[in-house]
Amino acid sequence: MSVFDIDITVKRPGRRIALSLQADESVVAITGPSGIGKTSVLDAIAGLLRPLEGRIAVAGRVLFDRASGIDLKPEERGCGYVFQDSRLFPHLTVEQNLTFGLRHAEGEALTTLAECADLLGIAHLLARRPRALSGGETRRIAIGRALLRGPRFLLLDEPLASLDDDRREGILQVIERIRDRFALPMLYVSHNPEEVRRLAGKAVAL
Amino acid sequence: MLSPTEWQIVALSLKVSVVAIACVLPLAFALAWVLARKRFPGMLLLDALVHLPLVLPPVVTGWLLLLSFGPRGPVGRLLNDAFGLAFSFHWTGAALAAAVMALPLMVRAIRLSIEAIDTRLESAARTLGAGPWEAFRRVTLPLAAPGVLAALVLGFARSIGEFGATITFAANIPGETRTLPLGIYTALQVPGGETQVTRLALVSVALSLGALVVSEWLARRGAAGERKGHVL
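Chains A and B are the protein sequences, given in the same order. Every letter in the first sequence is one number past the one before it in UniProt numbering, and letter 152, counting from 1, is 152. Every letter in the second sequence is one number past the one before it in UniProt numbering, and letter 225, counting from 1, is 225.
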C-alpha cells in the first residue's frame, strides 16, 4: 500500500493539469515552475477543487474516486493544509487561530498547544493578532494550526517562499522536526531543488 | 419635559423601530449573502425587488403594502386567518412599513461587508475540519459583523424617520401607529402646536445621534480589541 496514491486531472481556466504519483515515501515534493498548477493539485487533494477525473488515496484512505463516486468533503479529509498565503483568521488571536481545528482533531491529539508553540517558537505570540506578525511568524503559525487540527497528512504549499534566508532556515528546521517527530505523510510543493533534496524522499515534477 | 402623549409617541416609535429591525435583520442578512455569493438566473430581479423601496416614493410602497398586506390583500388575509395577525391600522403595520423601508439599506450594508470577506478564509476553515455551517458561524459571521452593525444603525435611523409608507399603510392613529414623524406632522396641523413640534423634533435628533454614537462606540471598541495585538 502506497502512502500517496494519486492520479488526477484538474481543470483550470484554459488548461488541464495532470498528476500521477505513487509513493511509499512519507515526504514527497511536487516541483515545477510557478504557475504550472501546483497549488491547484493541492487544492484538489484537500477537497477545495473537484478533479475532472481520477483517484486520490492517502495512507490507504480513499479521498476521491471518480469511478466509484467517492468525494469526501474538505472537512472529512483530515488534511493539514499550510496555504502559501497562510490564511490566518484576522479576527482571531494567534492562540485562537492555532486551536481553531483542535475540536476536530481525530483520535489522539498529535500534539498540544504548549508543545506545538514550543516546537515552532511562537509561545510569545499567542495573544497577538495576525496582522501584527512578520512573514516568518505568520508561516509558523499556519503550520502550527495545521498540526493542531490533528491531521492524517500535511499539504505544504511553498512554506519557504518570500522569506529571507534566516527565517527560511528556521522554517526548514521546523518542517524537519515535524517530519522526524510525527511521521506524518507530507506533500511539499516547492520550486527550490535544494529544499526538495533536504526534505523529501521523493520528488515529482509537474 | 414631554407630556404623556409625547412619551407615548416616543415609546411607540422605539417599539416599532426595534421590532422592525430585529425581525428584518435575518432576512436582510440572508438576502445580502445570496446577492453577494450566489449567481443564479433572476438575480437581477431579486436585486431590483430588494432595492425597490429605496427608489419608489414611500407612499407608493405604502399603497403596495396595503394591496398585499391589507385586510383584503392576499397575504394580509392569509396571515389574519392563520395567525390572527392584522397589519393595517395596527402598530404591527407601522413596523412592517418601517421594516420594508429599512430592508434595502440594511442589505446594502451587509452585502458590502460579505463581499469584502476573502472566501479563501472559509476554505481554510473547511480544511481545519469545520463544516459549511461552522465555517459560516466562526469565520463569515464575525468578519461580517461591522456590516451588520452599520446595517442596524442605518435601519434604525431609517425606521425612526419612516413617514410616507406608514401613514399610507397603517394610518395615523394616536397610540397605535402615530410614530415620531407622524406625531410631528400632526402637531404641525394644529394651531399652537409648534412647541410640541420642537420637543418631538429634538427627541428625533437625540435618538438619531444616539444611534450614531452607540455604533461609533461599538466600532471603536472592536477596533481597540484588534489593536491590542500590536501593543503586546
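Calculated from the structure, these hints are not laboratory results. Yeah, the Cβ is synthetic: ideal placement off N, Cα and C, and Gly gets one too. Treat the hints loosely; a few may be bogus.
Claimed, not checked - One-sided and incomplete, this derived list gives chain A residues near chain B with beta-carbon spacing under 8 Å:
#1 37
#2 48
#3 75
#4 87
#5 100
#6 101
#7 104
#8 182
Said to hold, decoys possible - Derived BS3-like pairs: lysine-lysine, alpha-carbon spacing no greater than 25 Å straight-line:
#9 A:11 <-> B:15
#10 A:73 <-> B:38
#11 A:73 <-> A:11
Against the structure, test the hints numbered earlier, and report the numbers of the ones violated in rising order. Of the numbered hints, 1, 8 and 9 do not hold.
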